[in-house]
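Generate coordinates for the entire structure from the input sequences, incorporating the hints supplied.
Protein chains in written order, with the numbering used here: chain P, 3 to 238; chain S, 514 to 803; chain X, 874 to 1197.
Please keep in mind that the hints were generated in silico from the structure rather than gathered at the bench. Remember, it's a predicted structure, so these values are computed and weren't measured experimentally. Ideal Cβ positions, reconstructed from N, Cα and C, are used throughout, including at glycine. Certain hints may be false.
[Unchecked claim] Label pairs and their calculated CB-CB ranges:
#1 X:1013 - S:604: 53 to 63 Å
#2 X:1149 - S:605: 22 to 32 Å
#3 P:131 - X:1043: 38 to 48 Å
#4 X:1108 - S:648: 47 to 57 Å
#5 P:41 - S:773: 54 to 64 Å
#6 S:605 - P:130: 21 to 31 Å
#7 X:1108 - P:130: 52 to 62 Å
#8 P:68 - S:786: 25 to 35 Å
#9 S:774 - X:956: 29 to 39 Å
[Said to hold, decoys possible] These stretches of chain X come out as covered by chain P in the derived footprint (C-beta under 8 Å, 3 or more residues):
#10 1061-1073
#11 1079-1091
[Said to hold, decoys possible] Below, a sample of chain S positions facing chain X; criterion: calculated Cβ distance under 10 Å:
#12 602
#13 623
#14 729
#15 782
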Amino acid sequence: MSVLLETRALSKHFSGVAAVDEVDLRIAKGEILAVVGPNGSGKTTLFNVTSGFLKPTTGSVWFEGRRIDESAPHLLPGRGIARTFQQAMTFGELSVRETVMVPGYTGRFPKVDVNRLLRLCGLGDQAEVAGNALPYGRQRSLGVALALATSPRLLLLDEPAAGLSEEDAARLAALIRDIRDEGVSVAVIDHNMHFLLPIADRIMVMETGRVIFDGTTADMQAHQRVIDVYLGQDVV
Amino acid sequence: MDIWVVLQQAFNGLSVASIYMLVAVGITLVFGLTGIVNFAHGELMMLGAYALLVVAPQGGPVFVVGLVAALVFVGLVSFALERGLFRYTLKRPVNGFLVSLGLILVIQNILIEFWTITQKNVAPLFSTIWRYGDLRISSQRVFIIVVTALIFTAFGLALRYSKVGVALRATALDRETATLMGIPVPRMIMLTFIGGGILAATGGAFLATIYPISPMMGSSYVVKGFAVAIVGGLGNVGGAMIAAFLLGMAEAANAAFGFGEWTDAVSFALMILMLLLRPQGLLRGTEAAI
Amino acid sequence: MPARSVMLKGAAFWLPVLALALIFPQLPVSGRSVHTGVLICIYGVTVYGLGFLFGTAGQLSVAHGTLWGVGGYTAALLTLNYGVSFWLCLPAAMVMAALFAGLVGYPSLRVKGHYFLIMTFAFSEIARVVALNWRTLTNGDTGLVLAASPDALGPITLNSRVEWYYFTLFLLVVAIIAAAILPRIPLGRRLKAAAQNEALATAAGVNAARDRVVAFMISGLFAGCAGACWAYYQHFMNPDQFGSGPGIEFILMLLIGGAQSLSGPIIGVIVTMLLPRVFGFSATQNEIALGVIFIAIILLMPKGVPASLGDLLRGRLRAKGRAA
Chain P
3 MSVLLETRAL
13 SKHFSGVAAV
23 DEVDLRIAKG
33 EILAVVGPNG
43 SGKTTLFNVT
53 SGFLKPTTGS
63 VWFEGRRIDE
73 SAPHLLPGRG
83 IARTFQQAMT
93 FGELSVRETV
103 MVPGYTGRFP
113 KVDVNRLLRL
123 CGLGDQAEVA
133 GNALPYGRQR
143 SLGVALALAT
153 SPRLLLLDEP
163 AAGLSEEDAA
173 RLAALIRDIR
183 DEGVSVAVID
193 HNMHFLLPIA
203 DRIMVMETGR
213 VIFDGTTADM
223 QAHQRVIDVY
233 LGQDVV
Chain S
514 MDIWVVLQQA
524 FNGLSVASIY
534 MLVAVGITLV
544 FGLTGIVNFA
554 HGELMMLGAY
564 ALLVVAPQGG
574 PVFVVGLVAA
584 LVFVGLVSFA
594 LERGLFRYTL
604 KRPVNGFLVS
614 LGLILVIQNI
624 LIEFWTITQK
634 NVAPLFSTIW
644 RYGDLRISSQ
654 RVFIIVVTAL
664 IFTAFGLALR
674 YSKVGVALRA
684 TALDRETATL
694 MGIPVPRMIM
704 LTFIGGGILA
714 ATGGAFLATI
724 YPISPMMGSS
734 YVVKGFAVAI
744 VGGLGNVGGA
754 MIAAFLLGMA
764 EAANAAFGFG
774 EWTDAVSFAL
784 MILMLLLRPQ
794 GLLRGTEAAI
Chain X
874 MPARSVMLKG
884 AAFWLPVLAL
894 ALIFPQLPVS
904 GRSVHTGVLI
914 CIYGVTVYGL
924 GFLFGTAGQL
934 SVAHGTLWGV
944 GGYTAALLTL
954 NYGVSFWLCL
964 PAAMVMAALF
974 AGLVGYPSLR
984 VKGHYFLIMT
994 FAFSEIARVV
1004 ALNWRTLTNG
1014 DTGLVLAASP
1024 DALGPITLNS
1034 RVEWYYFTLF
1044 LLVVAIIAAA
1054 ILPRIPLGRR
1064 LKAAAQNEAL
1074 ATAAGVNAAR
1084 DRVVAFMISG
1094 LFAGCAGACW
1104 AYYQHFMNPD
1114 QFGSGPGIEF
1124 ILMLLIGGAQ
1134 SLSGPIIGVI
1144 VTMLLPRVFG
1154 FSATQNEIAL
1164 GVIFIAIILL
1174 MPKGVPASLG
1184 DLLRGRLRAK
1194 GRAA
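Printed below as a string of structure tokens:
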């Protein structure tokens, strides 16, 4: 499978402390990668560097064979990388429809069918509601819809299922599979293993900024250190 | 250029830098603690100068009485402003900024109403001038430099070692965590307003003994105070001191080259340069990059 | 609220106001009232530019007095030194003010929020110093006297107060229409999104820093236009019109009326301009009163007086409804 995104010996230090330490992340075309690890293990920082919001201390990020870590963050969505944020984030009083239309106002993206996109994300009947008036879980769906409105080839989702009802989480899982089936690669950070394990093609486990495991779900269940460090017996 | 001119300007620059330091501390600390851009801070400095003008315009030993009166008066005004106005803007710092704009209008125009817009002079505590070659050392400026150095030594020690100082620094770093750790944050903010006001009043009183004062002087000095605060990193007292020194020297160099009337533009140029090259400030301020 | 009813409501407010504004000089009013009317229109143009910047891009600027001064000096200097016609000075003043806005905006808008405020304040103080000291260009604190009236442009002549009134009223109407349209074009939508949540807007491909600079430059166009008119109408330009003082007053005017509604800025300008005439204040007393009113409004009615009074009234009505 061809590599879509790659980081080479990527490190990010905050006042001397390595939040991300020599990470070689690889995301293949059309796969779903789950990134797990305890809080503070560097997952979100890895996403922030990958999506251009932070500059790496050392190392580099490559997307479709081109180096991107020196690009400004607002240019990366145009190259095909979209992301969501951990905190449910909206444009305040802008309605759901207005929110999803923001990428269209930049002239950087192909036109999307907003109604179809909202239906896909379960927001079809809330198009005119103000983003910050949505329930928490729906705000996360809005974040996903906004990311999809940039027609990405790589989607980085930061804890998309946190705070979602079981029903909404299942719907999101199905949506992520659909997105993948359309050829988009997806990297997901989450703590909810019941949500992640069924959809992930591959799992990467991080601890204190380093990758301690990278492989399939089946491999992971045999990996004692991962179980010790993070997963616990009840999940696997 | 003559070496004496250079020395003369460097000496004058140092005394002016002392005043910038006194003004900038309040600006940078208030911003660090509350996020409020307080443009009215320059007016506190001016009130200090005018308090001195009222109590001790004749200079000499009475200056000390006038200085104390200025500190007490501006300290009370700062206390009243914090309790009466700024306290209510802590949740939305932009409102604090707007209130400060209103205060500029009110304070400036009250002073114009009573003292008119014309410039006034205050006689210094010391009027001796020492001469070395072509160099003229004003004893009043030496006094300003020495007293400022003493104030900042004491201030630095207090910030580092006293209980209040540590609590203040903790609050500047992270208000929420400081609250959780039991630091009385509202009282810290009040103390910062009062302390910043008193230091500004000191600067104003010093300034009044070496330059003429007018009700419009606040704006020009608050710009320099902010220049110093930005160049030093907003919220960073040590950075502000270094930046004040740099600004004083840059202005002195500017005057030595014969562009005296453009001096006020130097601070602006420095700020632009800083924002272009190192937006996080010379030394990092209280805000992290993200 | 559906778009149609918003439009109807808008028309119900603006059409009578416009009609009144149009017949105002024909009413038995003094020349001084017409003069105040001209000033209201000129200030209004600037304040609508500032309102766009604050309401849509979420940025306040203390430099609008200075941008206006840039426009005024540009017009005065072009006319005095090169004999350029008013009708060319006007666009030149707008462009010049926008360029200066870009010059201040570019370094300070790359970093967010308060740096911009500080830089606009510093810029306005420095500009005043420059205007005072660059005597060969600006004639120092004496200022520039612009004795000529604009030459006729076809049937349009600007010789009397009433002519000036209609011309500046036209500019004000254009400014209000622009202020209504700007938030709805793609730039305005991007600015609004970035003002609400910059990180999310960036992830949606918005170049927030560049858009904010453009917004500041656009609002500079408004200020430059008003400044050029002011210089020609008052026949002089001096550094007093240049510092942070006028910039602070524009913010006052904007926020007294409220920046979130289209009618807010003009209400604020009118209230501010009429205050000294109603109470017979001197200039200094007026500034003190304005400062006090402004602080009270910021602390007690942060949405501006009209909106807050509206809220209060609705609250009363609702309470009455419940009681009944």
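Do the hints match the structure? See the list:
no.: 1; hint: X:1013 - S:604: 53 to 63 Å; verdict: 45 Å, violated
no.: 2; hint: X:1149 - S:605: 22 to 32 Å; verdict: 30 Å, holds
no.: 3; hint: P:131 - X:1043: 38 to 48 Å; verdict: 40 Å, holds
no.: 4; hint: X:1108 - S:648: 47 to 57 Å; verdict: 50 Å, holds
no.: 5; hint: P:41 - S:773: 54 to 64 Å; verdict: 58 Å, holds
no.: 6; hint: S:605 - P:130: 21 to 31 Å; verdict: 28 Å, holds
no.: 7; hint: X:1108 - P:130: 52 to 62 Å; verdict: 53 Å, holds
no.: 8; hint: P:68 - S:786: 25 to 35 Å; verdict: 33 Å, holds
no.: 9; hint: S:774 - X:956: 29 to 39 Å; verdict: 30 Å, holds
no.: 10; hint: 1061-1073; verdict: holds (count 8)
no.: 11; hint: 1079-1091; verdict: holds (count 3)
no.: 12; hint: 602; verdict: 7 Å, holds
no.: 13; hint: 623; verdict: 6 Å, holds
no.: 14; hint: 729; verdict: 8 Å, holds
no.: 15; hint: 782; verdict: 9 Å, holds
The structure fails hint 1 only (numbered hints given earlier).
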